[in-house]
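**Student:** One-letter residues, chain by chain:
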Amino acid sequence: MKIKNPIFTTEDLCAYYGDFMAIKHVTVKIPEKQVTAVMGPSGCGKTTFIRCLNRLHELTPGARITGKIFLRDQDILQMDPIIVRRKVGMVFQRPNPFPTMTIYENVLAGYKLLGIRLPKKEADRIVEEALKKAALWDEVKDVLHRRGTFLSGGQQQRLCIARALAVKPEVLLMDEPTSALDPKATLQIENLIVELKQTVTIIIVTHNMPQAGRISDYTAFFYLGELIEFGPTAEVFTNPKDPRTEEYLTGKFS
Amino acid sequence: MFEPKNLYRQIKYDLLFRKLATSMGALVIFLVVATFFTLVYESWPAIKAFGLRFLWNTTWDPVSLEFGALPFLVGTLITSFLALLIATPFALAGAIFLGELAPPKIANPVSFVMELLAGIPSVIYGLWALFYLVPLVRAFELKIGAPPYGLGLFTASLVLAIMILPYALSVARDVIKLVPQDLKEAAYGLGATRWETIRHIVLPYARSGILAGIVLALGRALGETMAVTMVIGNRSAMPQSIWDLANTMASVIANEFTEATEDVHLAALVEIGLLLFVITVVVNLVARIFIVKTKVR
Numbered sequence: 008m009k010i011k012n013p014i015f016t017t018e019d020l021c022a023y024y025g026d027f028m029a030i031k032h033v034t035v036k037i038p039e040k041q042v043t044a045v046m047g048p049s050g051c052g053k054t055t056f057i058r059c060l061n062r063l064h065e066l067t068p069g070a071r072i073t074g075k076i077f078l079r080d081q082d083i084l085q086m087d088p089i090i091v092r093r094k095v096g097m098v099f100q101r102p103n104p105f106p107t108m109t110i111y112e113n114v115l116a117g118y119k120l121l122g123i124r125l126p127k128k129e130a131d132r133i134v135e136e137a138l139k140k141a142a143l144w145d146e147v148k149d150v151l152h153r154r155g156t157f158l159s160g161g162q163q164q165r166l167c168i169a170r171a172l173a174v175k176p177e178v179l180l181m182d183e184p185t186s187a188l189d190p191k192a193t194l195q196i197e198n199l200i201v202e203l204k205q206t207v208t209i210i211i212v213t214h215n216m217p218q219a220g221r222i223s224d225y226t227a228f229f230y231l232g233e234l235i236e237f238g239p240t241a242e243v244f245t246n247p248k249d250p251r252t253e254e255y256l257t258g259k260f261s
Numbered sequence: 346m347f348e349p350k351n352l353y354r355q356i357k358y359d360l361l362f363r364k365l366a367t368s369m370g371a372l373v374i375f376l377v378v379a380t381f382f383t384l385v386y387e388s389w390p391a392i393k394a395f396g397l398r399f400l401w402n403t404t405w406d407p408v409s410l411e412f413g414a415l416p417f418l419v420g421t422l423i424t425s426f427l428a429l430l431i432a433t434p435f436a437l438a439g440a441i442f443l444g445e446l447a448p449p450k451i452a453n454p455v456s457f458v459m460e461l462l463a464g465i466p467s468v469i470y471g472l473w474a475l476f477y478l479v480p481l482v483r484a485f486e487l488k489i490g491a492p493p494y495g496l497g498l499f500t501a502s503l504v505l506a507i508m509i510l511p512y513a514l515s516v517a518r519d520v521i522k523l524v525p526q527d528l529k530e531a532a533y534g535l536g537a538t539r540w541e542t543i544r545h546i547v548l549p550y551a552r553s554g555i556l557a558g559i560v561l562a563l564g565r566a567l568g569e570t571m572a573v574t575m576v577i578g579n580r581s582a583m584p585q586s587i588w589d590l591a592n593t594m595a596s597v598i599a600n601e602f603t604e605a606t607e608d609v610h611l612a613a614l615v616e617i618g619l620l621l622f623v624i625t626v627v628v629n630l631v632a633r634i635f636i637v638k639t640k641v642r
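Sequences listed follow chains A and B, in order. Here this note's numbering is used: the first residue of the first sequence is 8, the next is one more, and so on. Here this note's numbering is used: the first residue of the second sequence is 346, the next is one more, and so on.
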């Protein structure tokens, strides 16, 4: 399978927690401006894999990475992790807006944290744009200067998406972003993901097979730290090449 | 239905236990109220003799039996707040180091030693200060042209700062440790450095807890007696500068209690105790309110 213009290329990527090898020799090309679903049973290394892509993995004490990860043609393991994380944003499993900040400040947190002071006009524009992209603007435009913690779980998660989008990343990593949300909020986030791929590459870890089927263009299937299968979602779902993928998809294990 | 044989007895015990716990809780309140009234009762001769003037009279003269508490009030407030001023930056930096930066291999033994520091009896701090800190301060005073007593408000503040540091530090460290990991990861995920994450995420989140630790330390400083008495110089007059010999409310009580032969002298000392009690309660109350107001919900 040929991937033209991959945004991420990993070569023999291995990730460790101490002596434990959580990701084993993964070589893959991830296409740009598509939604790639990362699937697999619990503990297979899906989350570890995407945490390598913005170098959050190495924040865990004792964790390390070997191999190569290219963002376009730059080896991110040679780059400053701060710069990598500006280009590769992340949305976490549980909504985690900053409780000490208002909604407005949360969206701008990426700037504030780095000590960038924006002129009021531009800040307003960025906030509005990011919240609109995250399909949250209409719901919060009158309460921008209140703390974000009174929002519903789904709204909080979209606020986190807006916060990640506000710094204009090239890639958005999502670690089971809907697993803590109700079905309605989940649907909203799914629709949002499909819209967002116009502008940003999305790599989403998900447990939810129908979800992967609905929103992803490509699927990567991990098992025990290995990348078992990677390809267009329609192909992986209807005609898996590896028996383990098929067993997982048909619910033989999870 | 299964019914244990002594079910009724157990229910009775449960009620008994409840009553016991409630009465212990009530006892605490009773003790505070009783302390207050005992202090009022014992200081009544002085309250009657000096009235409110006691609060701003600067003369304290056991010979002519004229008593005013202002010098000690000032002494206590200056030493306590100066100690807080000195200790807070160290407490904050140490708490950030132990709570956020240091690997457990280093943080655990350092924390242990720090907690030992809190357990040292204050008379030992006093001795150490007398033999070590006083000569240092005297040399410093000579250099800047202040009266070279060595003893005085400044030295007392230094000792106090060292003594309260472990309290402020350990509370601050604990609340910094309680900051949720996912908030920190969100910050790192946005490209923040460690310092930026600490400054904009960790500290604001832990702010009310850190303040609580500082208030706890202030409470300690206000009432600390022994070490302060040993190095403050015990002069019962209005201090003119932080290099002056002085007395705090606690130190004057400790110093003169055994020598107070006149009833009104004794009552005046107890009244100082009453004042100290009230100040401590007010400081704690104000701090409580402040902490609740700044708490992250």
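No lab work stands behind these hints: they were computed from the structure. For each residue, glycine too, the CB sits at the ideal point set by N, CA and C. Among the hints, erroneous ones may be present.
As the list claims (entries may be wrong) - Listed next, the stretches of chain A that the computed footprint assigns to chain B, with coverage defined by at least 3 CB atoms under 8 Å from CB atoms of chain B: (1) 39 to 47; (2) 57 to 68; (3) 72 to 84; (4) 93 to 103.
**Student:** Would you mind marking each hint as holding or not holding in the structure?
**Tutor:** For each hint, the structure was consulted:
no.	hint	in the structure
1	39 to 47	violated (count 0)
2	57 to 68	holds (count 4)
3	72 to 84	violated (count 0)
4	93 to 103	holds (count 6)
Consistency note: the structure conflicts with the earlier hints numbered 1 and 3.
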